[in-house]
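Protein sequences appear in the order of chains G and Z.
If you're matching positions, the first sequence starts at 0 in numbering that gives the first Met the number 0 and goes up one per residue.
If you're matching positions, the second sequence starts at 0 in numbering that gives the first Met the number 0 and goes up one per residue.
Hints are computed from structural coordinates only; laboratory data are not their basis.
Be aware that a few hints might be false.
Unchecked claim - Some chain Z residues near chain G, calculated using beta-carbon distances under 7 Å:
(1) T262
(2) T263
(3) Y284
(4) G310
(5) A315
(6) E319
(7) A359
(8) A360
(9) R367
(10) R370
Unchecked claim - Cut-off 25 Å, straight-line C-alpha distance, at most; resulting in silico cross-link-like pairs (DSS-like, lysine-lysine):
(11) K377(Z) to K32(G)
(12) K32(G) to K375(Z)
(13) K100(G) to K84(G)
Glycine included, C-beta positions come from ideal geometry on N, C-alpha and C.
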Amino acid sequence: MTRRNFLLCTIALLLVLTGGACRSTRQTQYLHKNADLGAIQRVAVLPFENLTTERSASEKVQKIFQMELLALDVFDVAEPGQVTKILRAAGMTSPEALGEKEFQKLGQELKVDAVFYGTVVDFAETRTGSTSTPEVTIQVRLVETQTGATIWSTSHTRAGAGVSTRLFGLGGESLTQAARRVVRKELATLLE
Amino acid sequence: MKTSFRLLPAFIVALSLAIATGAIAGETPSIVVLPFENVSGVAAAPRELGTRVAQAAAERGWTLATGDVEPLLEQERVRYLDTLEEGPRRRILESTGATAMLTGTIFTFADGRNPVVALVARLVDADGAFLWSQVIAVSADDDESLFGLRRKSDAVGLADVAVRALMRTFPRPGEDARSTRGPSKPLLLGGVHAYRAEGAATGRRRVCVLPFENQSQAGDATRIVHDTLIVRLAGDPMFEVVDPAELRAAARERRVGSFRGITTPDLKRIAETVGATLFVQGTIYRFVEVAGRAGDPEIDLELSMLDVDSGRIVWAAQHERRGSDYIGLLLLGAATNGVALTDRVVSELAESKGMTAPQAARAFVAARAARNATVKEKETTSELGPRRKPGESKK
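All chains should be modelled from the sequences, with the hints used to inform the complete structure.
Okay, here's the thing in structure tokens:
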């Protein structure tokens, strides 16, 4: 085998290995055609729903989302304790069950223009051989309290291991790190 | 007149002697050492550690208040020994003639393959101000020298080492306590993910640390995290930490039954009583303790600091680590037990800076400001008329 052929074979092999080792991400997104995000100054983050077997997943993801939202410094965020108090007083158990009137009432009591809430669909570690990799899927939506209309929603999945983790067992990320990356990607689409 | 002047030198000598012997009431630098609170479950731990701590304080120049303090604690119906409410504290100090009170909580006193001793201690004055506090966790693995020499085989053997490390920063009478800054983050790993509100840090402020919600399997996790956070925040010149006993008393006075799920209005009422508007609360998601056995401790927690005056979160952080994350050169430096790991993680949290908003966020804010300025301008020049609410028709 000539030197050139050897080099080409090596590059091809590396491409096959890294191609098969890539982390997968999937994202879907919706933005209302009349959405005016510039009109939104103050928002609240409602409790996230949990479709996973990990008990603390929804609370954890909600707190990560809240922190990332605060760090953007784009919206004024209603204090979580106030949100909890008002939801409890109104007997609101799930944001999915809220209608237009409930959103309007929420908006008036919290003095917010819109609310974020979401669903944690996947939050688990899967084993592939000796490697443990996180799989996280989070759906988030932004609802205008005046109309109860969803003006933005997104769903993002992050699963699998990166190249260095697959090949060398290095640099794996935890579920929390994966969730944080998902949330950042989702908020980035909001700002586009 | 001549007689008075002859007596003057004698008077000066007598006065100096009185000062030197501390005979002038209220100026004797003495401390009363309360029995240590014991979360470790080992009955001998308070005796082993309390005695050594008292001795170490005496070696640093403090006079120990004599007499048994247990009857006083019973008389005052003291339930919690970590810190005392103002009334019992002042009365005990007065009864014992002490100027400060030394309390402690023993978290771990474990034998086994890798014995561990972990405790926190605090020195408070009559007003409840923290004069000094420190948390320490020492294991046999941490203490052994080269080739495993001088390795302590049990927790009693480690007690001297732990107390020496604990009292290293203990102040001498009249001295300010040295800063009890905690360990720093591992060299090659990322830091804490945190948010800090701009303009939030303006001068020293009083802060209350609420008990954390515990979603881990370790029942002691709340106490360990809570007490360690208080020590590290108390070492921060920006914060004056409210004595936990004072916080408990305020909650009782304001008829707040539990800190669990406490609402903002309840926090505001407590804030009025304790004179603090900052409250730290959080959740422990995972806490794995391996004291006395092989394994890697783990911790995963989040916290936030709320300013009840403005209703804003001024600090939020989330962090997770394993003990082995701190391994450095020659495979040394790992945190070998839950308390040591908690101290490192809490120290990293306490020193965390906030995240910087990404460029996209700054651009969004700028675009929104420009958009709102344009809308306002058009409204004032009557191009659009008054702004309609969504769904409202033009009149």
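To see whether the hints hold, each was checked on the structure:
1. Taking 7 Å as the C-beta cut-off, the interface hint given for T262(Z) holds, the closest approach to chain G being about 4 Å.
2. With a least beta-carbon distance of about 4 Å to chain G, the hint placing T263(Z) at the interface is held under the 7 Å criterion.
3. Taking 7 Å as the C-beta contact cut-off toward chain G, the hint placing Y284(Z) at the interface holds, the least distance being around 5 Å.
4. Below 7 Å, beta-carbon pairs count as interface contacts, and G310(Z) has one with chain G at about 5 Å; its hint therefore holds.
5. Taking 7 Å as the C-beta cut-off, the interface hint given for A315(Z) holds, the closest approach to chain G being about 5 Å.
6. Taking 7 Å as the C-beta contact cut-off toward chain G, the hint placing E319(Z) at the interface holds, the least distance being around 6 Å.
7. The closest approach between the C-beta of A359(Z) and any C-beta of chain G is roughly 4 Å, which is under the 7 Å cut-off, so the hint is satisfied.
8. The restraint placing A360(Z) at the interface with chain G holds, with a minimum CB-CB distance near 4 Å, inside the 7 Å limit.
9. At its closest, the beta carbon of R367(Z) sits 4 Å from a beta carbon of chain G; the interface hint therefore holds under the 7 Å criterion.
10. Taken as an interface hint, R370(Z) checks out: its beta carbon lies about 4 Å from the nearest beta carbon of chain G, inside 7 Å.
11. Straight-line distance between C-alpha atoms of K377(Z) and K32(G) comes to about 23 Å, which keeps the hinted pair within the 25 Å bound.
12. Of the supplied pair hints, the one linking K32(G) and K375(Z) holds, its CA atoms being roughly 23 Å apart against a limit of 25 Å.
13. Simply put, K100(G) and K84(G) have alpha-carbon atoms about 18 Å apart, close enough for the 25 Å limit, and the pair holds.
Hint check: no violations occur; every hint is consistent with the structure.
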